[in-house]
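Asker: What follows is the residue order along each chain.
2 protein chains.
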Amino acid sequence: MSDKTTRDQIIEAADRLFYQQGFDHTSFADIAAFVKISRGNFYYHFKSKDEILDAVIALRLQNTKKMLKQWEKDGAQPIDRIGSFIHILITNQAKILLYGCPVGTLSSELAKLDHKSHAEANQIFSLCRNWLGKQFAALGHGDKADALAMHILARSQGVATLSSAFQDDKFIAQEVAQMCDWLQLHAKNSTT
Amino acid sequence: MSDKTTRDQIIEAADRLFYQQGFDHTSFADIAAFVKISRGNFYYHFKSKDEILDAVIALRLQNTKKMLKQWEKDGAQPIDRIGSFIHILITNQAKILLYGCPVGTLSSELAKLDHKSHAEANQIFSLCRNWLGKQFAALGHGDKADALAMHILARSQGVATLSSAFQDDKFIAQEVAQMCDWLQLHAKNSTT
DNA sequence: TTTCAGATAGGACAATCGTCCTACTCCTGA
DNA sequence: TCAGGAGTAGGACGATTGTCCTATCTGAAA
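As they're listed, the protein sequences go chains A and B. For the first sequence, this note's numbering gives the first residue as 1, with consecutive numbering after it. For the second sequence, this note's numbering gives the first residue as 1, with consecutive numbering after it.
Mixed in with the good hints there might be a few duds.
Any copy, or any two copies together, can satisfy a pair, since identical chains are not distinguished.
[To be verified] In silico BS3-like links for lysine-lysine, alpha-carbon gap of 27 Å or less:
id, residue 1, residue 2
1, Lys-49, Lys-66
2, Lys-170, Lys-144
3, Lys-65, Lys-144
4, Lys-188, Lys-144
5, Lys-144, Lys-66
Derived from the structure by calculation, the hints contain no laboratory data. Since this is a predicted model, take the numbers as computed values, not measurements.
All chains, full assembly: derive it from the sequences and hints.
Answerer: Rendered as structure tokens:
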């Protein structure tokens, strides 16, 4: 709790609030109230709201990297690693039903705001895309690996959006199962 | 142009701006400047911003109904009608690359704002879902028709989100082709 | 004990927000 | 000709926004 620096507390609060309320709709007052510091004190730690956004994106990038690295340890087989990715939808089900995918919704919002950090936010997508591509390549899909990675990413995004709109957790389970079936069809040479 | 009522002009401007900039981030000043009327004059036509949102959603619902009805005339076969739906991604490509799907991004935003019109906005999703379900039912998929409808909806959403993030129109073409292939596999009894 | 930089609180600021009010200009019907 | 309602313009309102400034506090080094 309080062993974290104020700066880190601000970033974590912003991370959560940007996800739950959106970047533009979250004010300094909201974050300050959450961290319980005065609003003016903010500018000692960050020069602007955009700077906090960049810090939040950096944090998310770092956490995503950590997660992907962990899956490389857990799942010895590329196909299991991809399976882990697909199952985020179930792991984060509760939050997704309420707020959608944190990556997709932030990217969509920044696109509409024409925000300069839009490209930075999309790096999280790129990170997953490249990682998934590597796994499909390891399965022997060569130049089709990237297309397969994008396919998985897109379907995950779609499931997040629709399940959130309809508040339908069964739909998540159903589509995840379908994606895993699809994945098995693409298990060429699991290990050589 | 000017043969439209001021009220309709406001709704159309709001429709466009809510799509391009987001609902929350679009101010009365923006809409007023677009329609070229004074900001204060607004409240003669609408009592609140939420009322404009409801009018915009109603307009979109109406336009969507019109579009679906047209497809029922154009495509004699259910499978062609579903094909028409899938191809919106290509028809609206340019806008989707810039602002994503108008239905999905609005739904996501209203979810984060915890807005009372969220359910209303989702009616556009429901409309498409039921229409697609009807087409799949006509193909003889019985109780699986709704799941297939949701599947198409979700994949379309995912393609919109990802293509917008990566500014990748080839990805749209590629996924649309794949969805059409998938659709052919589900062409049970096209006509009896 | 004094000093001083790091950290915090609280308020001022100009701008903008959604909302509301009033005065003015039309145009139509009697 | 004139009355009256529909439609418009423009500004006032209180609240909130992101940003900035300054006074105060705290804790470690001297």
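Asker: How do Lys-144 and Lys-66 come out at 27 Å by Cα distance, when the copy is not named: within, between, both, or neither?
Answerer: This pair counts as within: shortest intra-copy Cα distance 26 Å, inter-copy 39 Å.
Asker: Can you tell me if Lys-65 and Lys-144 fall within 27 Å by alpha carbon in one copy, between copies, both or neither?
Answerer: Result: close within a single copy only, 23 Å intra versus 38 Å inter.
Asker: When no copy is named, should Lys-49 and Lys-66 be tagged within, between, both, or neither for a Cα gap of at most 27 Å?
Answerer: This pair counts as within: shortest intra-copy Cα distance 26 Å, inter-copy 43 Å.
Asker: If the cut is 27 Å between Cα atoms, do Lys-188 and Lys-144 qualify within a copy, between copies, both or neither?
Answerer: within (12 Å within a copy, 29 Å between copies)
Asker: As a check of your reading, is Lys-170 near Lys-144 (CA-CA no more than 27 Å) within one copy, between copies, both or neither?
Answerer: between (31 Å within a copy, 14 Å between copies)
Checked against the numbered hints given earlier, the structure satisfies every one of them.
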